[in-house]
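Student: Read off the chains here:
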Amino acid sequence: MSGVAAESVAPAAIDDGEFKSQMVTLIPSLRAFARSLCGNPDMADDLAQEAMARAWKARGSFTMGTNFRAWMFMILRNIFYTTIRKNSRMTSWDPEIAERVLIEPATQHVGIELDDVQKALNKLPPAQREMLMLIAAEGVSYEEAAIIVGCAIGTVKSRVARARAALVRLLEGEDIDVVSNRNDQGNQRLPVGFGFAGQP
Amino acid sequence: MTDRKKDVQLGVTSPPKSLHAPVTAFDPIAAALQQIHNKVTDEAIPDDFMRLLDQFDAKDTEQ
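Sequences listed follow chains V and D, in order.
Counting in our numbering, the first sequence tops out at residue 200, every number present.
Counting in our numbering, the second sequence tops out at residue 63, every number present.
Isolated chain V (complex conformation) (with noise of 0.2 Å):
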């Protein structure tokens, strides 16, 4: 094979400096997804920062010109999800402790309305609130958020559908068992002593 050839084949790699500044162009996001992840902003920069180590160690896998932002956030919720299984494990959960750590402080100051959205949206399973996160807030199309979960285009579309349904009927007041309502991959909800990056 000549040298042409085997170079029009291989994969173009990105340059480290290229590669660290989409990651700071990133970071706004990444720290979005990941509080719509786990909910408290402490563990979710961890989660973000922990993300971006791995990436950056992991930087020779990816290839230049393929979708940076999907396989930022691919490492960060795979991340996430092995922890809270890895913690499931350890911690029993309890729905009311858990809903205390994940609810932001009152002390914020938010509208009213907002506020009363960002409560239900906690309530929710992270499978069903990082979809509607990142198509609603991030942006995301289908495709994408299929390549960042792991699952069927359609899969994205109902759980998104799901997601909302569930949102509006929190809204409207009613109190809507999330923990039985697990029937997406990764739905599990943030167990007690959940953390990074050597946090207990």
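No wet-lab data here; the hints were simulated from the structure.
Warning: the hint list may mix true and false statements.
As a list, the in silico BS3-like pairs of lysine-lysine whose alpha-carbon atoms are at most 27 Å apart [stated by the list, open to error]:
id: 1; chain 1: V; residue 1: Lys157; chain 2: D; residue 2: Lys39
id: 2; chain 1: V; residue 1: Lys119; chain 2: V; residue 2: Lys86
id: 3; chain 1: V; residue 1: Lys57; chain 2: V; residue 2: Lys86
id: 4; chain 1: V; residue 1: Lys123; chain 2: V; residue 2: Lys157
id: 5; chain 1: V; residue 1: Lys119; chain 2: V; residue 2: Lys157
id: 6; chain 1: V; residue 1: Lys123; chain 2: D; residue 2: Lys39
id: 7; chain 1: V; residue 1: Lys123; chain 2: V; residue 2: Lys86
id: 8; chain 1: D; residue 1: Lys39; chain 2: V; residue 2: Lys20
id: 9; chain 1: V; residue 1: Lys119; chain 2: D; residue 2: Lys39
id: 10; chain 1: V; residue 1: Lys57; chain 2: V; residue 2: Lys20
Here the structure is a predicted model, which is why all the values come from computation and not from measurement.
Given chain V, work out where chain D should sit, using these hints.
Tutor: For chain D alone, coordinates are given in the frame of chain V:
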């Protein structure tokens, strides 16, 4: 004077495209979700993140 300029002066040009755009219904839930998202993305990036990026370089240099 070009035809386009003449048209503008005579007021015979078609209205801006935005006026013809379909009116989409306001979705309060989507708007709220976007606000929640923007609240985070508009925050200043904590210094920890920049320190982490500096550590990447330092670790590479050590290796």
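Student: Hint compliance check: list the failing hint numbers for this structure, sorted ascending.
Tutor: Every hint satisfied by this model.
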